[in-house]
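J.: Got chain A; can you put chain B with the ligands on it based on the hints?
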Amino acid sequence: MIELGLAPMLCPEGSQVSEAVMETIKEILEDVFPVRVQALPAINSPPEAYDSVRRQHSAPVILKSLLAAHPANPAKLLAVTGGDLFIPMLSFVFGQAQLGGRAAVISMARLTPEFHGFDPDLQLLLRRARTVALHETGHLFGLTHCQTQECAMRLATNIHQFDLKRAVLCPGCAAILLENLR
Amino acid sequence: MKANWQILVVDDEEVMRESMAAWLREDGYNVDVAASGREAIELARKTDYAIHFIDLKMPGGIDGIETLMEIRRMRPDAAIIIITAYATVDTAIVAMKEGAQEYIVKPCNPEEISLLVSRIIKVKNLQRENRILRQKLTRQYQFHDIISKSPRMREILDLAGEVASLRSTVLIRGESGTGKELIARAIHFSGDRGAKPFVAVSCAALAESLLESELFGYEKGSFTGAAERKKGKFELANGGTIFLDEIGDIPPKLQADLLRVLQEKSFYRIGGNEEVRVDVRVVAATHKDLKQAVEDGAFREDLYYRLNVIEIRIPPLRERKEDIPLLAAHFVDRLSHETGKDVRQISDPAMRILMDYDWPGNVRELENAIERAIVSSRAPVLTEDDFSFLGEGAASHTFRVPDNMTIEAMEKLMIEAALRRTGGNVKEAAASLGIDRSTLYEKLKRFGIER
Ligand SMILES: [Zn+2]
Ligand SMILES: [Zn+2]
Numbered sequence: 002m003i004e005l006g007l008a009p010m011l012c013p014e015g016s017q018v019s020e021a022v023m024e025t026i027k028e029i030l031e032d033v034f035p036v037r038v039q040a041l042p043a044i045n046s047p048p049e050a051y052d053s054v055r056r057q058h059s060a061p062v063i064l065k066s067l068l069a070a071h072p073a074n075p076a077k078l079l080a081v082t083g084g085d086l087f088i089p090m091l092s093f094v095f096g097q098a099q100l101g102g103r104a105a106v107i108s109m110a111r112l113t114p115e116f117h118g119f120d121p122d123l124q125l126l127l128r129r130a131r132t133v134a135l136h137e138t139g140h141l142f143g144l145t146h147c148q149t150q151e152c153a154m155r156l157a158t159n160i161h162q163f164d165l166k167r168a169v170l171c172p173g174c175a176a177i178l179l180e181n182l183r
Numbered sequence: 002m003k004a005n006w007q008i009l010v011v012d013d014e015e016v017m018r019e020s021m022a023a024w025l026r027e028d029g030y031n032v033d034v035a036a037s038g039r040e041a042i043e044l045a046r047k048t049d050y051a052i053h054f055i056d057l058k059m060p061g062g063i064d065g066i067e068t069l070m071e072i073r074r075m076r077p078d079a080a081i082i083i084i085t086a087y088a089t090v091d092t093a094i095v096a097m098k099e100g101a102q103e104y105i106v107k108p109c110n111p112e113e114i115s116l117l118v119s120r121i122i123k124v125k126n127l128q129r130e131n132r133i134l135r136q137k138l139t140r141q142y143q144f145h146d147i148i149s150k151s152p153r154m155r156e157i158l159d160l161a162g163e164v165a166s167l168r169s170t171v172l173i174r175g176e177s178g179t180g181k182e183l184i185a186r187a188i189h190f191s192g193d194r195g196a197k198p199f200v201a202v203s204c205a206a207l208a209e210s211l212l213e214s215e216l217f218g219y220e221k222g223s224f225t226g227a228a229e230r231k232k233g234k235f236e237l238a239n240g241g242t243i244f245l246d247e248i249g250d251i252p253p254k255l256q257a258d259l260l261r262v263l264q265e266k267s268f269y270r271i272g273g274n275e276e277v278r279v280d281v282r283v284v285a286a287t288h289k290d291l292k293q294a295v296e297d298g299a300f301r302e303d304l305y306y307r308l309n310v311i312e313i314r315i316p317p318l319r320e321r322k323e324d325i326p327l328l329a330a331h332f333v334d335r336l337s338h339e340t341g342k343d344v345r346q347i348s349d350p351a352m353r354i355l356m357d358y359d360w361p362g363n364v365r366e367l368e369n370a371i372e373r374a375i376v377s378s379r380a381p382v383l384t385e386d387d388f389s390f391l392g393e394g395a396a397s398h399t400f401r402v403p404d405n406m407t408i409e410a411m412e413k414l415m416i417e418a419a420l421r422r423t424g425g426n427v428k429e430a431a432a433s434l435g436i437d438r439s440t441l442y443e444k445l446k447r448f449g450i451e452r
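Sequence lines, in order, name chains A and B.
Residue numbers for the first sequence follow my numbering, beginning at 2 and rising by one.
Residue numbers for the second sequence follow my numbering, beginning at 2 and rising by one.
Chain A with its partners taken away, still in its complex shape:
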């Protein structure tokens, strides 16, 4: 079993990540990957990651501070933030991971129905949280994007594409995951 540290991120500019979200992510990760999820205490979103003009948080800066806070253990790290994420080149990202590496971060900001002008819907949010957690953790285990329609590893660049995915790895990605683990 591989230890995976799961940490909620406290972010004054975003809404709080709920217990229910953290719980469902833990369950799906233990279902799909050979990991034991270790609930880490909440960490503060690094202030230097916040861009006050874009009103977003830099994903690469967050990954850097996450690694600095946990230099050796656990083997994998996943932070969950309520703040909106970006990389300098792009207007936003749902999450970012070091491909085949240690640290990943996912954002709930664009996964809430409210962001897109809909009423709150906890079940929908939980489903999206599971999918994005699988996706970025998949990257941590070396998986790249997949063309299969429903696979969690498919690239989604907007919420409509995102909702075509499910919180599963297609058989192809599952096979590659096994190969990567060997």
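Honestly, the hints are just simulated from the structure, not real lab data.
Just to be clear, a hint being listed does not mean it is correct.
Claimed, not checked - Okay, the calculated beta carbon distance ranges per label pair:
1. B:G62 x A:E24: 19 to 29 Å
2. B:K446 x A:L165: 25 to 35 Å
3. B:R438 x A:N159: 47 to 57 Å
4. B:Y269 x A:L11: 51 to 61 Å
5. B:G62 x A:G102: 31 to 41 Å
6. B:N31 x A:K65: 20 to 30 Å
7. B:Y269 x A:E4: 49 to 59 Å
8. B:G298 x A:E24: 54 to 64 Å
Every residue gets a Cβ at the ideal spot worked out from N, C-alpha and C, and that includes glycine.
T.: Only chain B with the ligands this time, still in chain A's reference frame:
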């Protein structure tokens, strides 16, 4: 395959280039980064990148436009995307005039970049496929040259020429590796449909549902994963010829569908209710005895008679051994050239081995055997030692497991032998090894065996 394509990201700001590179790597590309124009030019000199992302404003001498111009000079076909923090019409015009494919303003919508990248890669993939196809065709025409020197093959090619302009269905019978597709192409290209498409489908290579959608196409949303309407091979072959290889392997339901197309000249796409009319000539091929399959109830009799209007039988190589010296000399000539080895001829004792061997994989097996011999040989003349692997099968009664051999190594040898025996036909090889096709494919991949 994305992993085959390399992308270069050029930006003086570390976090910018590294995060962009990381994002592209997640998409499956191989990405290099450069911190300056000078560095980018050095990298581009060594590697033919599929796409170059270049930041417009870079300090230290060479800016984005100059980098673009220099890379263009070295690689006129290079795809270059200029990135800038703010768009001004002037710089956009300069960039496009100097050959940038696109000009994007950061931060950019992820959807836009992802579409842009996949559009460029699609074109690159097509260019690469065309190049491979062209090489394949050249090889086939050379092959055409040589088989036409054999009197028996000459007769077959003449027959192919005679039936070329008819509309009738042709059934080509012959063992694996006898060159059935070549004859089908000869029929197509020497007839009045020559300028129209020739579309080949291997019926044995695909599962039933895949084969159905391959042949007839599907409508958007007809099943999970059908994101867009897709034309089937029958539609793509409209006006031309469809070549259905290994027709004896198609399952009963598709036999019925195929019969319908032959009778009505129309069909429905999967999930569609609009009748599609086509004018397609069908040339089918099989290595099986279809008449026997009809008697066994595995193949529809009505379909058999529809297909078998004109039958062309290609004799196996063992029935025309007089062709072996000619074919062998031709392959030595061509393959020594292709492999860059100085091999010029085949010794008399080696030729005797080739004449004595039964060639179950036919001409293709002969070609493979000569390639293997050339690759391992160290002299300009191929000797009987270079062909010792041909006896491996025959000597099985004295078989002894070599010392220190792993099960994996044994497995690999067995698979290679089975593929040689069947002339590279995976289905037959799998059957003879007693494993299913998907397992064999997996093993081929794992051992890196080329068919
Ligand atoms: Zn997948
Ligand atoms: Zn991804």
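J.: Each of the hints needs a verdict: does it hold here or not?
T.: Hints, verified against the model:
1. B:G62 x A:E24: 19 to 29 Å: violated, 55 Å
2. B:K446 x A:L165: 25 to 35 Å: The hinted range 25 to 35 Å holds for B:K446 and A:L165, with Cβ atoms some 29 Å apart.
3. B:R438 x A:N159: 47 to 57 Å: Distance hint for B:R438, A:N159 is violated at roughly 39 Å.
4. B:Y269 x A:L11: 51 to 61 Å: Distance hint for B:Y269, A:L11 holds at roughly 58 Å.
5. B:G62 x A:G102: 31 to 41 Å: holds, 34 Å
6. B:N31 x A:K65: 20 to 30 Å: holds, 24 Å
7. B:Y269 x A:E4: 49 to 59 Å: Given a distance of about 55 Å, which is inside 49 to 59 Å, the answer is holds.
8. B:G298 x A:E24: 54 to 64 Å: holds, 58 Å
Of the numbered hints given earlier, the model fails hints 1, 3; all others are met.
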